[in-house]
Amino acid sequence: MYTFAFDEQARIFTIRLRGFWTPPVLAAFVDEVTARGVEQSRRYGRYGVFVDCREYQVQTGALAEGFASVIGRASSQERPVCLLFAAMLVKMQAERSLGTTAAAIFLDEATARAWLATQLAAPPQVLSPA
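Numbering (the numbering used here), first residue to last: 5 to 134.
These are computed hints drawn from the structure, not numbers from a lab. Some hints here could point you the wrong way.
[Said to hold, decoys possible] The calculated label-pair distances, taken between Cβ atoms and stated as ranges, are:
# : residue 1 : residue 2 : range
1 : Ala125    : Ala66     : 32 to 40 Å
2 : Asp35     : Asp112    : 16 to 24 Å
3 : Met92     : Gln13     : 27 to 35 Å
Values in this document were obtained by computation on a predicted structure and should not be read as measured data. Backbone N, C-alpha and C fix where the C-beta goes; we use that ideal spot for every residue, glycine too.
All chains, full assembly: derive it from the sequences and hints.
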């Protein structure tokens, strides 16, 4: 349902999501991503988050809101977060759930990665959506 990788040189935490989730999957994800985020902050300081949602399905409203809460917390910590989707419908669900958080949402990987690199190159600040 999800995998994690961290590129130490680029300071990018990549999260790959796939499938249709259940509440227990979301709960396990929240616990694991929170623990990893705390550890990475201790080790590396500021880093970016690239969430690959190309294989992530449209979720129930409650699950979409739970996921949005995790992304909102991450993006509120001076941490640039971008999400990549393969389909407009899932992207639209994410935009509706995330509202005005600083997470940027994309359909094109090159554009998403360029935005993330630009955000990481800039001094920490209140981040703005793409």
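Verification of the supplied hints:
1. Ala125 <-> Ala66: 32 to 40 Å: 37 Å, holds
2. Asp35 <-> Asp112: 16 to 24 Å: 31 Å, violated
3. Met92 <-> Gln13: 27 to 35 Å: Holds: the Cβ-Cβ distance is about 33 Å, inside 27 to 35 Å.
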